[in-house]
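Those letters in the sequence shown? Residues 1 to 463, per UniProt numbering, in order.
Mixed in with the good hints, there may be bad ones.
Claimed, not checked - Taking lysine-lysine and the BS3-like style, the derived pairs with C-alpha atoms no more than 27 Å apart in a straight line are:
| no. | residue 1 | residue 2 |
| --- | --- | --- |
| 1 | K171 | K264 |
| 2 | K94 | K48 |
| 3 | K202 | K192 |
| 4 | K171 | K192 |
| 5 | K171 | K114 |
| 6 | K171 | K116 |
| 7 | K40 | K415 |
| 8 | K217 | K207 |
| 9 | K377 | K329 |
| 10 | K192 | K432 |
| 11 | K35 | K114 |
| 12 | K264 | K154 |
| 13 | K36 | K116 |
Since the hints were derived computationally from the structure, they do not count as laboratory data. Quick caveat: nothing in here was measured; it's all calculated off a predicted structure.
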Amino acid sequence: MTNGTAEQTGKAAELKEQLADVFAYTNKVLDMISKKDITKEEAAWITKETVDNFREHVNPGFLAYRKSVTKDGQFAAVEWKDSGLNCFMDVHGKEYIDCLGGFGIYNVGHGHPKVKQAVIDQMNRQALHSQDLLDPLRAILAKILADVTPGALKYAFFANSGTETVEAALKLAKMYSSRTTFIATTRAFHGKSLGSLSGTAKGVFRKPFLPMIPGFKHVHFGDLDMMRKTMEACAMTGEDVAGVIVEPIQGEGGVILPPDGYLKGLRQLCDEFGALLIFDEVQTGMGRTGKLFCCEHYDVVPDILCLAKAFGGGIMPAGAVVATEEVFKSFFPNPFMHTTTFGGNPLACAAAIATFNVLIEENLPARAAELGDYMLKGLREAAADHGDLVLEIRGLGLLIGIEFHTDEIGYEVSKGLFDNGVLVAGTLINAKTIRIEPPLTITYEQADRVIAEFKKVLGQIQL
1 MTNGTAEQTG
11 KAAELKEQLA
21 DVFAYTNKVL
31 DMISKKDITK
41 EEAAWITKET
51 VDNFREHVNP
61 GFLAYRKSVT
71 KDGQFAAVEW
81 KDSGLNCFMD
91 VHGKEYIDCL
101 GGFGIYNVGH
111 GHPKVKQAVI
121 DQMNRQALHS
131 QDLLDPLRAI
141 LAKILADVTP
151 GALKYAFFAN
161 SGTETVEAAL
171 KLAKMYSSRT
181 TFIATTRAFH
191 GKSLGSLSGT
201 AKGVFRKPFL
211 PMIPGFKHVH
221 FGDLDMMRKT
231 MEACAMTGED
241 VAGVIVEPIQ
251 GEGGVILPPD
261 GYLKGLRQLC
271 DEFGALLIFD
281 EVQTGMGRTG
291 KLFCCEHYDV
301 VPDILCLAKA
311 FGGGIMPAGA
321 VVATEEVFKS
331 FFPNPFMHTT
341 TFGGNPLACA
351 AAIATFNVLI
361 EENLPARAAE
371 LGDYMLKGLR
381 EAAADHGDLV
391 LEIRGLGLLI
401 GIEFHTDEIG
411 YEVSKGLFDN
421 GVLVAGTLIN
431 AKTIRIEPPL
441 TITYEQADRV
451 IAEFKKVLGQ
461 IQL
């Protein structure tokens, strides 16, 4: 046997042994996944594997960032299973009221039985489609969207995430008018792929990847005069605006509500300058703010509407961009101008169809309005004696922001709530603000506990 052959034989044996180890490892993990309950020893093994593998194979930065992990890594709250519609448990069996809601994906709750069953039923029939034949659930879901969205919004393209829906919206706007200028707003968050990141406003996310997609400008959110002047300047320089993209309420920016008349003013400006109005309702849609879509509060209809997060019912990743026929017809001659392998797959469509069914059956948008008013009142009363800590509590429906005087106070409150079984988190653009964004199915008893824990934690903060 030559040295080369011996070396090849040795490598093959090494690979065989490595694959055997991976096979045994996957069997152990699959066995744990299949269990309803796990032992203390298994919980300890899962915790160690999670922390070690995040450090060595995912990103060690998450261990420093997550408030659920101690500094030395000896303890970590590793999420393991749902616990009713509004809570989850870690591997140690501790239950948390979810007031982060997966950054807004659990509008109908954790593992809603109807949504879960729709996905199971579709999985048993066909999980994915061949891509070539017409798939029925995509067509049915598109009709549902045309029926429930406001105004003349009619045609839908399906994606897997909010970022992808924004990308599709930008391409639609470019094809519609051949214009290349877009205006977004300060504190905006539209995603982190290069196109959507061009609309996102936070410098720390943008600087390492500059230059962005050409043609994006940012103006102050809520400033109609600045928007008008920017659109006028663009028209005067031959850089006419293709579209204005905006969140009706800025989620990651710190739950910033628009000034009175702002969104209607944007609609009028877009009409005047021949630009499209794009609403990013990835976080504000699907009943979150007290109506099915946030724009309904302001009686404004966009030309393009982006949806995701809760669109998949907390079961499947799913998103949609919905546009008027006038805008969407740019895609008619060649429907392959913008495509996706997994967007609009049968499992995602089944989840979204069931989600609309649940939102309507359980009247969850109205419940969000009712519980939102209740929680806003309670949180404000809890903070009444802590003006040195809390700057403002604001929101609409069950999208609530609590802004503190410093980032450090916000972190301490978040950590204190977490230690007491309530999960919240800061926003990506405005770190001084934490979100209260529970499932729309949260009970009054759970809301009362959140308010009580908030009041208790505020009383323990030492400046």
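Status of each hint after checking the structure:
The suggested pairing of K171 with K264 holds, with an alpha-carbon distance near 24 Å, which does not exceed 27 Å. A hinted pair counts as satisfied when its Cα atoms are at most 27 Å apart, and K94 with K48 qualifies at roughly 17 Å. Restraint check for K202 and K192: satisfied, since their Cα atoms lie roughly 10 Å apart, inside the 27 Å limit. For a cut-off of 27 Å, the pair hint linking K171 to K192 stands: about 16 Å separates their Cα positions.
A distance of roughly 35 Å separates the Cα atoms of K171 and K114; the hinted pair therefore is violated under the 27 Å criterion. Between K171 and K116 the CA atoms are separated by roughly 33 Å; this puts the pair beyond 27 Å, and the hint is violated. Only pairs whose Cα atoms come within 27 Å are accepted, and K40 paired with K415 is accepted, the gap being roughly 25 Å. In summary, the hint linking K217 to K207 is supported, as the alpha carbons are separated by about 15 Å, within the 27 Å threshold.
Simply put, K377 and K329 have alpha-carbon atoms about 46 Å apart, too far for the 27 Å limit, and the pair is violated. For the given pair, K192 sits about 21 Å from K432 by alpha-carbon distance, which is consistent with the 27 Å threshold. Between K35 and K114 the alpha-carbon distance is near 22 Å, which keeps this suggested pair within the 27 Å criterion. The suggested pairing of K264 with K154 holds, with an alpha-carbon distance near 21 Å, which does not exceed 27 Å.
This hinted pair checks out: K36 and K116 have alpha carbons roughly 17 Å apart, not beyond 27 Å.
Violated hints, listed in ascending order, are 5, 6 and 9; each of the other numbered hints is respected by the structure.
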